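Student: Here are the chains, one letter per residue:
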Amino acid sequence: MTLTTAPNLAQPDDFYQSLIDAHAGLDDGQSTLLNARLVLLLSNHIGDLAVLREALAIARAGVDDRSEGGLDP
Amino acid sequence: MATTYRAPSFDYVRPPELDGGARGSPHPVIIVGAGPVGLACAIDLTLQGVDVLVLDDNNTVSTGSRAICYAKRTLEILDRLGCGDPVVDRGIGWRIGKVFHRDRLAYQFDLLPESGHRRPAFVNLQQYHLEEAMLERLLELGRAEVRWRNRVCGISQDADGVTVRVATADGEYDLRAAYVIACDGARSAVRDFLGLEWKGQVFRDRFLIADVHMQGDFPTERWFWFDPPFHRNQSVLLHRQADDVWRIDFQLGWDADPEEEKKPENVIPRIRAMLGDDRPFELQWVSVYTFQCRRLDRFLHGRVIFAGDAAHQVSPFGARGANSGIQDADNLCWKLARVLGGKSPPSLLESYDRERVEAADENILNSTRATDFITPKSAMSRVFRDAVLDLARDHPFARRLVNSGRLSLPTSHRDSALSTPDSATFAGTMVPGAPSADAPVRYGGRPRWWLDLIGGRCELVLFAHDSAQTTVAEVREMSRQHAETARIWVVARTEADADSLGAVANAVVDADGILAQRFDAKPGTLYLLRPDQHVAARWRAWKPAAVEGALRRVYGIEDDTHDGTQSRAA
Ligand SMILES: Cc1cc2nc3c(=O)[nH]c(=O)nc-3n(C[C@H](O)[C@H](O)[C@H](O)COP(=O)(O)OP(=O)(O)OC[C@H]3O[C@@H](n4cnc5c(N)ncnc54)[C@H](O)[C@@H]3O)c2cc1C
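From first to last, the protein sequence lines stand for chains A and B.
With our numbering, the residue at position 6 of the first sequence is 6, and numbering never jumps.
With our numbering, the residue at position 167 of the second sequence is 240, and numbering never jumps.
Be careful, since some hints might not be right.
One-sided and incomplete, this derived list gives chain B residues near chain A with beta-carbon spacing under 10 Å [unchecked claim]: (1) M453; (2) V456; (3) F457; (4) A460; (5) V461; (6) L474; (7) A556.
In case anyone wonders, no lab produced these hints; they're calculated from the structure.
None of these values were measured; they are calculated from a predicted model.
From the three backbone atoms N, C-alpha and C, an ideal C-beta is built for every residue, glycine too.
The shape of chain A in the complex, shown without the other chains (with noise of 0.2 Å):
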């Protein structure tokens, strides 16, 4: 198995809104423990720890990317 990254969201935009209203009236501290939680919850959906390991090294790579461009790692 490998990490999906073509589209698979059945209803992207339904997707999205629910993961920012999850996050409505929470401080940065709380919204950080969701973000955990969520984590957790997700990764123990996909069990495989290759796919898990692709997903971590591109959010991985793409943080490290941004911080060479400039911005505040």
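Position chain B with the ligand relative to chain A; hints supplied.
Tutor: Leaving out everything else, chain B with the ligand in the frame of chain A:
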């Protein structure tokens, strides 16, 4: 401080060497350090017929509160050494672990063992009781010499042996040995004398360790708190030991002042807050530790061999220090005895280095992960830690992520040079390199534990064929070919079968088929076990040449001869 324990004090005896009364021939083995690992080596080598001399700079057993949890595999090794019973009888068996987060129970686990094993997953016992039991066993065997208040103060080696310089109150003297096992602990002086690098990581955290004597109605469980109301932002561990002594570990953080924290006027309020009432208790011991994970690059340095904390050090989460050190001894001693007896080439000791370095890395990895969970190193790692603990209350998947120390399990040496790779398919986790599973069997008409019967030499274990005749014929032939190098066992299904096989081999009855199931055995399956009870090889059918090859591999003999002294080293 009050105490429920009176440490023994052993007499220093003026060594004869100081008066010119030296021993003519060198000692086969000198063991530096009479901690749990040095004692395990001394007992094991004595059982293998090797004369040992143990040197210790102290004159008593371990002081204060150190190791408390001994894992199943360690207990099985202590059984083989003949001192498992006093440890288990005196020790506290526990099964339930509770993990609290803030003011709530996050989850609890039950180590409820699978039935059909002699020993439980863990028992708790103060390290001084463990050492006393081991020492008693060593003295009962009678052969080894222990010299108290004899401190090793120098060491040098050449091709033929090792010269050990020893300091006593009456002056210094030299000893010669064929081999030295350095079991002199985390601050090993032998390591320093050889100029060896001690690489690893110190965790930036401090822990207050307290032994408390109380008639508590706390249940016999392991309780671990993350961020409890009585000790905010830190963790606390409560464990029961023998003699109504409870061990409490308070995480303090890096900035704590160890000297201040150790003062009873600071410790007592912490304990009081934890107990939450005013029941009486007595402090028996207090210390403040920082934990580290380090190891030597190699455990074998010519004729000086490192074992236990002298070779590797782990943080205590997961209870891997003494446990892995005793497993070092289990791995080393049969090899060293064979090398000393000229039955295997010295290169066999290389396998000790590889296997136990592998185990040390596994233990360091596990205890580092636990330490990182307990002491998160960044704000985000703290967020994830708390999210895991939060989710654990309602969602079973998150409980598997909570890490307050992972159960110490023995290493399966999957890539060991001593193992013969499988040529057939076997189910289960008992792969070549892993220790043999235990099972209840009958032997000599009595119920026995399998692991109690084996060890100290290579064992060939044949699971009986359906036809007794076939089994008898095969065992006869097997004895003719291998009896000099291995002891032969037949696993029968009924007492009657065992009786008919008893004349040709050691026959055990596996009436409920538990042994067969754990070995994934079919009629005719054959296992070769090492003297330390680990699996060396297994087959679905006996082939003499394959068994001979596997035996040579276990014994580290590379050419066609059985005689190790004539063999070339690998
Ligand atoms: C707080 C704490 C909790 C722990 N909990 C656990 C646990 O639950 N389970 C577990 O398995 N482990 C635990 N450990 C680890 C365990 O205590 C050690 O791993 C164990 O003691 C190592 O045994 P050893 O024989 O290698 O060394 P040691 O026990 O340190 O023994 C070394 C011996 O060598 C002697 N010596 C030192 N230098 C010289 C010299 N120059 N000449 C002669 N003799 C010398 C010393 O006097 C001592 O007797 C814990 C440790 C700590 C600190």
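Student: Could you run down the list of hints and mark each one as holding or not?
Tutor: Evaluation of the provided hints:
1. M453: Hint on M453 (chain B): holds, closest Cβ of chain A at ~8 Å, below 10 Å.
2. V456: For V456 (chain B), the interface hint holds, since the closest Cβ of chain A sits about 5 Å away, which is under 10 Å.
3. F457: Given a least distance of 5 Å, the restraint on F457 (chain B) holds.
4. A460: holds (4 Å)
5. V461: holds (6 Å)
6. L474: holds (7 Å)
7. A556: violated (48 Å)
Comparing the model with each earlier hint shows a violation of hint 7 alone; every other hint is respected.
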